[in-house]
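Student: Chains F, B and X: place on chain Y using the hints.
4 protein chains.
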Amino acid sequence: MTGIIADKNLAPQGKASYDWARAHMQIFNSIMEKYQSSKPLRGIKLAFCLHITKETSVLVMSAQKLGAKIAICSANPLSTQDDIAAFLSSKNILTYAWRGESDSEYRECIMKVLQFGPNIVTDDGGDMHNTIFQVPSLKILGGTEETTSGLARLRILHSSGKLNYPVVAVNDASTKHLFDNRYGTGQSAIDGLLRATGLLLAGKHVIVCGYGWVGKGIASRARGMGAIVSVTEVDPLRAMEASMDGYTVSKLSICAGYADFIITCTGQKHVISISEIIKMKSGVILANAGHFDTEIDIHSLHSKDKFPIQVRPYVEQFTIQRKLVYLISRGRVLNLVGSEGSPPEVMSLSFANQLLSIIYIAKNYSKMLPGIYCVPKEIDNYVAEAALRGMNIEIDKLSKMQRRYIGRQ
Amino acid sequence: MTGIIADKNLAPQGKASYDWARAHMQIFNSIMEKYQSSKPLRGIKLAFCLHITKETSVLVMSAQKLGAKIAICSANPLSTQDDIAAFLSSKNILTYAWRGESDSEYRECIMKVLQFGPNIVTDDGGDMHNTIFQVPSLKILGGTEETTSGLARLRILHSSGKLNYPVVAVNDASTKHLFDNRYGTGQSAIDGLLRATGLLLAGKHVIVCGYGWVGKGIASRARGMGAIVSVTEVDPLRAMEASMDGYTVSKLSICAGYADFIITCTGQKHVISISEIIKMKSGVILANAGHFDTEIDIHSLHSKDKFPIQVRPYVEQFTIQRKLVYLISRGRVLNLVGSEGSPPEVMSLSFANQLLSIIYIAKNYSKMLPGIYCVPKEIDNYVAEAALRGMNIEIDKLSKMQRRYIGRQ
Amino acid sequence: MTGIIADKNLAPQGKASYDWARAHMQIFNSIMEKYQSSKPLRGIKLAFCLHITKETSVLVMSAQKLGAKIAICSANPLSTQDDIAAFLSSKNILTYAWRGESDSEYRECIMKVLQFGPNIVTDDGGDMHNTIFQVPSLKILGGTEETTSGLARLRILHSSGKLNYPVVAVNDASTKHLFDNRYGTGQSAIDGLLRATGLLLAGKHVIVCGYGWVGKGIASRARGMGAIVSVTEVDPLRAMEASMDGYTVSKLSICAGYADFIITCTGQKHVISISEIIKMKSGVILANAGHFDTEIDIHSLHSKDKFPIQVRPYVEQFTIQRKLVYLISRGRVLNLVGSEGSPPEVMSLSFANQLLSIIYIAKNYSKMLPGIYCVPKEIDNYVAEAALRGMNIEIDKLSKMQRRYIGRQ
Amino acid sequence: MTGIIADKNLAPQGKASYDWARAHMQIFNSIMEKYQSSKPLRGIKLAFCLHITKETSVLVMSAQKLGAKIAICSANPLSTQDDIAAFLSSKNILTYAWRGESDSEYRECIMKVLQFGPNIVTDDGGDMHNTIFQVPSLKILGGTEETTSGLARLRILHSSGKLNYPVVAVNDASTKHLFDNRYGTGQSAIDGLLRATGLLLAGKHVIVCGYGWVGKGIASRARGMGAIVSVTEVDPLRAMEASMDGYTVSKLSICAGYADFIITCTGQKHVISISEIIKMKSGVILANAGHFDTEIDIHSLHSKDKFPIQVRPYVEQFTIQRKLVYLISRGRVLNLVGSEGSPPEVMSLSFANQLLSIIYIAKNYSKMLPGIYCVPKEIDNYVAEAALRGMNIEIDKLSKMQRRYIGRQ
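Residue numbers (numbering that gives the first Met the number 0), protein chains in the order written: chain Y, 0 to 408; chain F, 0 to 408; chain B, 0 to 408; chain X, 0 to 408.
Isolated chain Y (complex conformation):
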């Protein structure tokens, strides 16, 4: 096994990236001010299984400053930024991660982190939580989980009686999902589209499939760039909302005919089927901003044109019945294409929830039964308040009279 310790020469570059992210995650200033002197993680051995990015390094370094000893591996064999891994390693973080791990190396890295003997584990997707119960010697006080899909797996673990420590569901904090999806993905999907295609959005017909938080964000930002936006939905309430927000709402089969760009964000499968694609105008550009690459029927695209041309780094051109169809990033999530995903300001919200949940567990584990816990409301509020301070925003407070008035109503 090679590569556990990343190329040390990359550390200074990793440090610069860390500094840049840190400067834009000012919530951590508040948290450090509040906790740094009391070192609430002293004595805690912390395991992280996360995407190794500049924002993650801010979380890790902050936990270290609060007293924790830390080992980290990657939540995905392909997502590690090696300069960040090198930087963490140079800071006495046990770092088992590099870009391009094989599947067995990936699992080995998780095992290495567990051999470190952690008390608290922070996971993204559930691979670490699912490994832990196979290592009976581990004494885990508690854990956290970043994603919807990790939580789904944890619920199965729990219902089968295998989860033997409490886990805080960071994903479900308001300060995470209300902001990350709408504002983070809204911007970064447009960013990904511009980087991939280099085309003008002003005056273009953009179809957004799905009007959940992500769809709302993308539609709003596409219109902000001058596009003429239509929305498709299967839910009548959301369809009405889209219409009253000023978007044309119609069936995909109707609006697809004049689309320049179609972006899916439904969580569904084959939202764009091959029978729709065939009716589109030549030159249409298809992209997916949903989590999985199932939203566009890519398999059928390939069966119609077995030799697509890579016309730009993230753009494939299919020729079907003499018409051109462009696919961005093989249908994988648009806002990570050649760009950097959600901006640090947005990641700082979910990682602040992570760090505060870890502190919460370190303090309260003895009172917590195995199971899945909401992020305590006071953490969610604290994050919102600290985020506002980081944005230099002061807000009003209710007076005593006003508190009474509301209570009376």
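Derived by calculation from the structure, the hints in this document are not laboratory data.
C-beta atoms are modelled at their ideal positions from N, C-alpha and C, and glycine is treated no differently.
Derived DSSO-like pairs (lysine-lysine); straight-line CA-CA distance at most 30 Å:
hint, chain 1, residue 1, chain 2, residue 2
1, F, K64, F, K366
2, X, K376, B, K376
3, B, K362, B, K90
4, B, K64, B, K90
5, Y, K303, X, K14
6, F, K90, F, K138
7, Y, K280, X, K64
8, Y, K250, Y, K303
9, F, K14, B, K280
10, F, K14, B, K278
11, X, K399, B, K278
12, B, K111, B, K362
13, X, K278, B, K396
14, X, K7, Y, K305
15, Y, K7, Y, K38
16, B, K303, F, K14
17, B, K44, B, K68
18, Y, K33, X, K280
19, Y, K64, Y, K14
20, Y, K376, F, K268
21, X, K376, B, K250
22, F, K396, Y, K250
23, F, K305, F, K278
24, Y, K64, X, K322
25, F, K280, B, K33
26, B, K322, F, K14
27, Y, K322, F, K396
28, X, K376, X, K396
Reference listing, derived: stretches of chain B covered by chain F, where coverage requires no fewer than 3 residues with Cβ under 8 Å from a Cβ of chain F:
hint, stretch
29, 11-20
30, 180-191
31, 217-224
32, 309-321
33, 339-353
From the structure, some residues in chain Y lie toward chain F, with a derived Cβ separation under 7 Å:
hint, residue
34, T231
35, P235
36, V248
37, K250
38, L251
39, Q267
40, K268
Tutor: Below, chains F, B and X without anything else, positioned relative to chain Y:
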């Protein structure tokens, strides 16, 4: 007691207003198509205690077409449109309402409606529900309630054991509160401001106090007219949302100094206190879009200038420490000032919920215990779908494969 | 001849309206500060032929404060606000105007003003300028003209050798046409639409015919209220601009089919022909925001339905081939329908140009040959700067170095 | 001298880029359809001195298809895309250009192109026009010029009697400057900002210095991404326009204190001076979208911190009085930073003007005296109409009656 039967000569004018509203409440087409032949309200005696407006007349006439016998009085002594009352009266609706009832006349009208002996009652604010339990002879099968405040009173009735029939809480349907507050009030508050002042909004500093659904609607529409909008909040999550929606967020004491217009929609008391008003720039215009006239401290305004000047029909000018302060509509809800409140398209959503809830009660009352019920989810969905049809919007449907895919997730 | 002196009892109400307008035309503060002590209009006899509105009274009273003696009549027999006329009359302004003059009374009023023996005349539409040359005894030093159409008539007068004094074309100042049309009409057309119909704009299909300054303003404000806006044009450059501003652009015959509202502002005749109207969906609402009532083919509408119904004060309903067509305000300019036209902030720009042009003539007439003059650039700039001061806006100034840098380029 | 013929292996990649651009420059379809059969450039030897980009290759290949023989060099030693150069070379275009020419190589390339003996020359910046008059043997029929600055130099040449052929000023066509600056630069400046920083725009304070076409575009797109935008100006008319478009307008010294991003686009020098920078909040990000890198006082920045840190590829961090100041792309034009400049749809407008002006010269040179000519109005219109066709937009046409109506006005 005079005036129970309104001036008959007004009926044709009321008919024209009814026609105009009816033409823009197309959900009722769907409902009529579905139910008109089966007459589900045959045999039902229906009591309405509602604001007597053109939109209300659409609800009433539709219920009549479905077989009900109807008596109606006003939910407010000042809100009746006499031409509508005359029109309803001309159509064999027992109508006990005119604009400018005295308090005792108002109560007498409610009693008259109850003497009609209704089975089902539809109330707005709770005055009728609260009268009913004082009339033991009444046999009420069930009722509905339009507002938040009416529901609050019903909950008190229920917890004290006095509510002896089931009530459907129409206010809480998604198709009511998600649309009425944001899009209806958003537009009509701006409309009210323009009618009251006749001033330009472009380039003006507008402060919106409160970023709930109403605040979101007003802020968005004010920006849509070219205003420079700031938001004040006491809730950090909403404050962050406002900021990321592109509004300046600050304490009222900071932004009030440069405000041209300040609009409150918080549900709070004395959001604009006299100590803030004193620091504002001369010429500031204060308006309230919240339900109650408590949001601006009007009492203190009057104590500072005992002789305000009525400079326009809905604008009073106060002179305080040599500066001018303008108050719109004595601080009462802006979107009803000299305008017509929520547009018929929005009212049609809540009144469709009303009518379908009445039909639901007529059919299911025997299975319903006394208590407060949500609008059944299928009614909410039906309203959304019928509203879309009325807007000529067709949306996609999940395929069998897609239903399975979601189930599996 | 009656009514020359309006009902004195209306004067206090006129005073309140004047005060309201004055408070929102702060440019006049700057002008008064600069000129009030030197009284540059002392000895001048000034004739005004303008719409007698609250904004006009601000212009008139300001000219009086600068030393002028003044007589005024209305530029239209139907547009006088009687309370304003009474107020002016109470302030020693010779006022010959009331709402509802007959044609002969209208002409008589103009003659009365000319009998006053003015030196300088300010006209709106050219009726006074065209009367003057029939009264050889008049010694006019110079004049101004507010409108495009008045200027067209003056150019004819001039080319036929009949104009014997210099006239300043106030209409053509940048500070007039760049703001009045786009921001003033943009807002007040939407205002007129809401007052006339009381309908929701969010989610509605609004077609704007013409994408000049007025069309740009209306399209932007309609979108700001949540409408889905399409634009029609005959000019390809403007069509491209509309498209890149995010509006659907198409032929009227295509978009009219799904329109909820169609608003014309093209300056053309029969933009909406009866052959188009027949193809529209039932319930379409037609309105005109252009100067003349020629843009919609009203004559043909009336020939198709000889008995339209007045469903609301400004809404006529035509039934054509079983479909309903609504016409706002008989096709006359929408932003004056039951509303107050351009807001005072916008009128203050053109009236400041008027007053400064009058002062300019009073000072320079001896050097000016008969003919039509642009508003001097320094007046246009002064108005812009004073307007900014009135809006409490300070802007940057070029440094010496920067002036040199630009000169060098 | 090496490198005149670029690495042939890059040609296929250049071909893919050319295809992508060609697919989004559909105006050229119209031009080819109209002219390809008549070959109006047969017998013409054409010299291009342009940035060698994918869009330029579309212009060059189109001119070749119309019959021209072509030689090309780059208008800038650093801007050549080598794959495009290789592609052109593979298509029998004499190509003298590679990325990273020395100054003497740059001049040598221009000479090589002139040795080809062109009849018509197309220049960007004026270096080729200024070289030509030093080569008396050349017989130039006419030329075109793409930029403002090139035209300024040509006017000097002309006034000193040295310009001995007619030149068409492509820069001044409406279809160029109205669209390129506002929509092209508006989008690509935001694109550049996102690529350089990876930060969130929603909720950030963005200051745009200058409200010309570029400033209008950037302000609108920044707001479209959720930023809170302020504008600074030195021109009062533009300042008022910005205010009524809903932006806060103030002096830079006031708004700079709370800025997250400041973007200059004024054409001025030292708009952001060091004395302003010192007062900004720590972390401010400075960027320039103007043509020259003079708008930010970079020299003083470097004198205050001699060792700035390169924290990201296009971001330098300066530490001044303990505060951090970030500079994007050394103050050079933001929309070319690590991105691709104006999108092909926008470039197609100016290059269509180029190609049609070349055809115009080829046909009319014998009637044209030396001097500088506007793009003929019919070319400008043709480009607008062809662009609309390329966007699948059909617009209305005036009827005979309507043409008469306008004529009468």
